[in-house]
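Asker: So you can see what is in the structure, the chains are spelled out below.
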Amino acid sequence: MERKVIICRCEEVTEEEIREAIRKFNLKTVDEVKRVTRAGMGLCQGRTCGPLIERIIAEENKKISKVQPFSKRPPVRPVKIGLLAGKEGEIN
Amino acid sequence: MNKVVDVVIIGAGVIGCSIAYNLAKKGVKVAVVEKKIGLSFGASGTNHGGCPLQLFEPPVLELARESIKLYKDLSDQIGYDVEYENVGSLVCSVNEKQYPDIEKHFRKKKEEGINVHLIEGKKLREMEPTLGKDVVVGVEEWESCTVNPFKVNYGFAYAAKKLGTEFFFSTEVKKMEIKKGEIVSIVTESEKIKPRFVVNAAGAWSCKVGEMAGITVPIIPRKGQIIVTESVPLNKRWRQISDADYLTTAFNLEAVKKSKDPRIKLGVAGVFVQENTGNWTIGSSREFAGYDNKVTITTVRHIAKRAIKFIPKLKEINCIRIFAGLRPFCYIDGLPIISKVENPGNFILATGHAGEGITLAPITGKLVSELITEGKTSLPIEPFSFSRFKNIKNINKTPV
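Respectively, the protein sequence lines represent chains S and H.
Here the first sequence stands for residues 1 to 92, numbered as in this note's numbering.
Here the second sequence stands for residues 1001 to 1400, numbered as in this note's numbering.
Treat the hints as calculated values from the structure; they're not laboratory data.
Think of the CB as a built atom: it goes at the ideal place given N, C-alpha and C, for glycine as much as any other residue.
Don't take every hint at face value.
What the hints assert, rightly or not - Stretch-level coverage of chain H by chain S, calculated; a stretch enters the list once three of its residues show a Cβ under 8 Å from a Cβ in chain S:
1. 1031-1045
2. 1294-1307
3. 1315-1328
Let's have the full structure, built from the sequences with the hints guiding it.
Answerer: Okay, structure coming up:
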């Protein structure tokens, strides 16, 4: 893979930035890569870049047998705050 | 493996890492033990990164004031950008009846030496067009900041490591060996560490760590849920906005107990922080649900409803993520515990920061390092002492 390749398209994070962060902080999980680089923090929440980051971590850190994927959080798809709030007076 | 160090810190959150950094800076040999695989998997990774000075009450206010000052040059000091931004803060109300409370808040903050301004609703909307028509009055000040909490956690850890601190991840403390009123070793699955001092900075788990040392640390996990939105253009003036109800839900446990409002019961008061990237983080809530950190729709609905009341345009903005974190809450008085313990004599507590851990991390690290190396602190910490629980009967009795 070319170093300038963008891995996270939502947040425009390059492969080089991700590898640098992994080396600097000895990152072992995709969640940590996200926290340091913002990869996976965008609209798609790591659906595209998650598996790629897992592969990069595995390449950088040969000792890890299985890379922990992104922690899963709601919502599955982006949803308007207005929809989350529901109608006036409605709660449950 | 047997290891000898000066200080073992249990917990690598912002509090533990700040303590590690401050000690390492003084040449102290530190080991940090963390049960999770990496950093920010607890409360340090599930918050807004907001440090709103005007929301602090004495005696914590003095700590917050000093801590926010320390944040100013933290990035330079640790050699890592924690994204400090002097964004100020606005506390406002959408309830006409709250007007006297806001005025009272304003006068009190002024007396406390914070440069606050009271601004009417109409004027507020002129200054910040995103605020809704329901907003009646607000109080602003410009000492407050926001930081990137992840960067604070990683930055402190990085700087501590460079100064020789050792980190043990995926390492849970199993046992403490105590002899003659002193902790002589910390036992984990893979390590046995012999320290001179042990610091309990285990956040919502600090009560469990306390048990291992034979003491009751009156902390329970308090759950907070936060909605994250997509990135939108930055607000013109205020990017750290709080609902006046926060003063009740965060600090007045009695009022929450008495309230019949289901929103207040869930501890929901609006806190809206717009990150430098344009994403809004929308909170806040306070629930006692044990160690369950799942997102719940009822609470989220209350938070979202409240958000739209203050900033109506949020209605049309996408939520991309919702998370919940567990904060260490002292169920006796809601105050932090920054203190030595009488027995074991080499045990130090740095916990109970509740929703204020990010704001208070720099000062807590400084004070605890002073406590260990000098035996005294540059700010008074008596209000946060462990001995304040001495005469509490049924200290084990939690509110839920």
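Asker: If a hint holds in the structure, say so; if it doesn't, say that too.
Answerer: Hint check results:
no. : hint      : verdict
1   : 1031-1045 : holds (count 6)
2   : 1294-1307 : holds (count 8)
3   : 1315-1328 : holds (count 9)
Violated hints for the displayed structure: none, as all numbered hints are satisfied.
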